[in-house]
Amino acid sequence: MAKKTSQNHKLSTINILDDHEFLTKLIVGIGEVAEITNIPQRKLRYWQEKGLIKTVDESGTTRRFNYLEIKKILLIKELLDEGFTLEAAANKVEKRIELINSTFKKFKNRHTE
DNA sequence: ATTCTTACA
DNA sequence: TGTAAGGA
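Here the first sequence is numbered in my numbering, starting from 35 and rising by one per residue.
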């Protein structure tokens, strides 16, 4: 299990900023990801080898995943269940991420200038 | 204890 | 893909 942080005692209070901070800092090992997403480590390694998902550049030894990658993993799994091939599912997910990112980038520009 | 690679079913 | 072996 993930260890408690000193902030967890505030869990009774809904705090968007804490949630965001937690998610952006969250980096998980393959074991935990496999356990929680219910996807075998074997598959996660395979997907990563094929470049479908990335690991936090820890130049070497162990595979660690961040929020975005875990999100992709979940989406890919969903599409696989719907019948898409692994490649198709991965491409679809990438497209979605790109669309969302580029869209919000436009909003950012308007609200930042 | 956990993850990694390799290899074979 | 699942699993076992052997090393880190």
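Do not rely on the hints blindly, as some may be mistaken.
In silico DSS-like cross-links for lysine-lysine, where the CA-CA straight-line distance does not exceed 30 Å [claimed, not checked]:
id: 1; residue 1: K142; residue 2: K126
id: 2; residue 1: K59; residue 2: K129
id: 3; residue 1: K129; residue 2: K77
id: 4; residue 1: K59; residue 2: K139
id: 5; residue 1: K105; residue 2: K84
id: 6; residue 1: K59; residue 2: K77
id: 7; residue 1: K84; residue 2: K126
id: 8; residue 1: K84; residue 2: K139
id: 9; residue 1: K77; residue 2: K105
id: 10; residue 1: K105; residue 2: K140
id: 11; residue 1: K59; residue 2: K84
id: 12; residue 1: K142; residue 2: K88
id: 13; residue 1: K59; residue 2: K140
id: 14; residue 1: K111; residue 2: K129
id: 15; residue 1: K129; residue 2: K140
id: 16; residue 1: K111; residue 2: K88
id: 17; residue 1: K142; residue 2: K129
id: 18; residue 1: K88; residue 2: K59
id: 19; residue 1: K142; residue 2: K59
id: 20; residue 1: K142; residue 2: K77
id: 21; residue 1: K88; residue 2: K126
id: 22; residue 1: K140; residue 2: K126
id: 23; residue 1: K126; residue 2: K111
id: 24; residue 1: K111; residue 2: K84
id: 25; residue 1: K105; residue 2: K142
id: 26; residue 1: K77; residue 2: K111
id: 27; residue 1: K111; residue 2: K59
id: 28; residue 1: K129; residue 2: K84
id: 29; residue 1: K59; residue 2: K105
id: 30; residue 1: K105; residue 2: K129
id: 31; residue 1: K77; residue 2: K88
id: 32; residue 1: K88; residue 2: K140
id: 33; residue 1: K139; residue 2: K105
id: 34; residue 1: K88; residue 2: K139
id: 35; residue 1: K88; residue 2: K105
id: 36; residue 1: K139; residue 2: K126
id: 37; residue 1: K126; residue 2: K105
id: 38; residue 1: K77; residue 2: K140
id: 39; residue 1: K111; residue 2: K139
Hints are computed from structural coordinates only; laboratory data are not their basis.
Under the criterion that the straight-line Cα-Cα distance not exceed 30 Å, is the pair K59, K140 satisfied? Answer holds: K59 to K140 is near 25 Å, not above 30 Å.
K111 paired with K88 [C-alpha distance capped at 30 Å]: holds, 15 Å
Hinted pair K129 and K140, Cα distance within 30 Å: holds, 17 Å
Restraint status (C-alpha distance of K77 to K105 at most 30 Å): Judged against 30 Å, a Cα distance of about 15 Å means the pair holds.
Between K139 and K105, does the CA-CA distance stay at or below 30 Å? OK: K139 and K105 at ~19 Å, within 30 Å.
Does the alpha-carbon distance linking K77 and K111 stay inside the 30 Å limit? holds, 10 Å
30 Å Cα cutoff - pair K59, K139: holds, 22 Å
Straight-line alpha-carbon gap K77 to K88, limit 30 Å: Holds, because 13 Å separates the two Cα atoms, which is no more than 30 Å.
With the threshold set at 30 Å, check whether the alpha-carbon distance from K59 to K129 stays at or below it. holds, 24 Å
Quick one, are K142 and K126 close enough, alpha carbons at most 30 Å? At roughly 24 Å apart (the allowed maximum being 30 Å), K126 and K142 satisfy the hint.
For a C-alpha distance cap of 30 Å, please report whether K126 and K111 respect it. Satisfied, since the Cα-Cα distance of roughly 12 Å is no more than 30 Å.
For the pair we were handed, K129 and K84, check the Cα-Cα distance against 30 Å. Given pair K129, K84 holds - Cα atoms ~17 Å apart, limit 30 Å.
Hints 20, 38 from the list above are not met by this structure, while the remaining hints are.
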